[in-house]
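From just these sequences and the hints, can you work out the full model?
2 protein chains.
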Amino acid sequence: MEYFPPALEALTEQFARLPGVGKKSAQRLSFFVLGLPDEEARAFAEAIVTAKRTISLCPVCRSFTEGEGLCPICQSSKRDESTVCVVADPKDVAALERSREYNGRYHVLHGVISPMNHVGPDDLHIKELVERVSAGGVQEVIMATNPTTEGEATAMYLSRLLKPFGVKVTRLAYGVPVGGQLEFADDATLTRALEGRREM
Amino acid sequence: MEYFPPALEALTEQFARLPGVGKKSAQRLSFFVLGLPDEEARAFAEAIVTAKRTISLCPVCRSFTEGEGLCPICQSSKRDESTVCVVADPKDVAALERSREYNGRYHVLHGVISPMNHVGPDDLHIKELVERVSAGGVQEVIMATNPTTEGEATAMYLSRLLKPFGVKVTRLAYGVPVGGQLEFADDATLTRALEGRREM
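Here the protein sequences line up with chains A and B, keeping their order. According to my numbering, the first sequence is numbered sequentially starting from 192. According to my numbering, the second sequence is numbered sequentially starting from 192.
Note that these hints are calculated values from the structure, not bench results. Accuracy of the hints is not assured; some may be wrong.
In this list, chains with the same sequence are indistinguishable; a pair is considered to hold if it fits within one copy or across any two.
[What the hints assert, rightly or not] Here are the simulated BS3-like pairs of lysine-lysine, each with C-alpha atoms no more than 30 Å apart in a straight line:
| id | residue 1 | residue 2 |
| --- | --- | --- |
| 1 | K269 | K214 |
| 2 | K214 | K282 |
| 3 | K215 | K269 |
| 4 | K318 | K282 |
| 5 | K359 | K318 |
| 6 | K282 | K215 |
Right under this line is the structure:
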């Protein structure tokens, strides 16, 4: 027997579809929305519709952009366009931007090559990257895919694809994470950290 | 510098307002919604608007209901109306219904008395409960507020308020949780479990 009205169950089901939201959290979110003032609930619904309607992928880097135009980073004349950082996902753009260390452009693949999940090179925005590099002007491509097996394989694949164009292809450094503890670092990480040691 | 378009940031901010959703999860939820097919994103937005527009509080028990009518439980002729279970929150109705053990009606207070948070009896749906009981027909009121200090105090307050009407007022049993381990039970729980022991 249903103990809540169908419109409430329907909202809970919508929340339960979101990644990382279980049945109970979904119910809590529904109750929260019902408790919002009318105009705030409407603003929430409108933010979904507006984002979905106006946001697309940047024609150059495939990160998110408004409408048909370039994304904020590709638009900016302050960003060095001779350096392109390749990431798997838009959230990696956000992570790198938070470091405030990088001043080049990006290229978002929207995934990594993963034969297990039937994701091949053609399912990613690789063709656009090759076109960007072959058009000239790019001097360095930084591979910033995750340091996982699939991230590595994707970086390796792209490196082979891009080197013939005469660009420098680099990879993020491996090592012990800042603020971490040596005793918890795995062997592979420690090996890479030793290999990559620098004079102080 | 903003690296994502404003409509995306606006959606992320909306998600970040939800309880238990941090900045990073909010961003993940935004990306997920952007990745949905158009009609599914629209269905999500519409579920919010529809729930907000059509759902109100049941005129009898103050649980959620559709429009002006009675909630599914108050509507059902199969539920024993001589027993009323008092809970703090609609999610407690869901928890009790999941047990499939209870066949009476409910009364939802929408909170507990909490002087620390400036919540007094007048801020809760207590007047409606007293009216229900004074109208006659109710034989037992089960206090199912949480076994916390505030839940106890609220149960105690209501018990004193309702007993003059000649109804039986009961409280959920305390004891060790089923499937739990004795060594992790706190002293107060063990004391209550011993006091409430039953012959086998």
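Structure-based check of each hint:
1. K269 - K214: between (46 Å within a copy, 27 Å between copies)
2. K214 - K282: Result: close both inside a copy and across copies, 25 Å intra and 12 Å inter.
3. K215 - K269: between (46 Å within a copy, 27 Å between copies)
4. K318 - K282: For K318 and K282, the Cα distance is within 30 Å only inside one copy (21 Å; across copies 50 Å).
5. K359 - K318: within (18 Å within a copy, 75 Å between copies)
6. K282 - K215: Result: close both inside a copy and across copies, 27 Å intra and 9 Å inter.
Of the hints listed earlier, there is not a single one the structure fails to meet.
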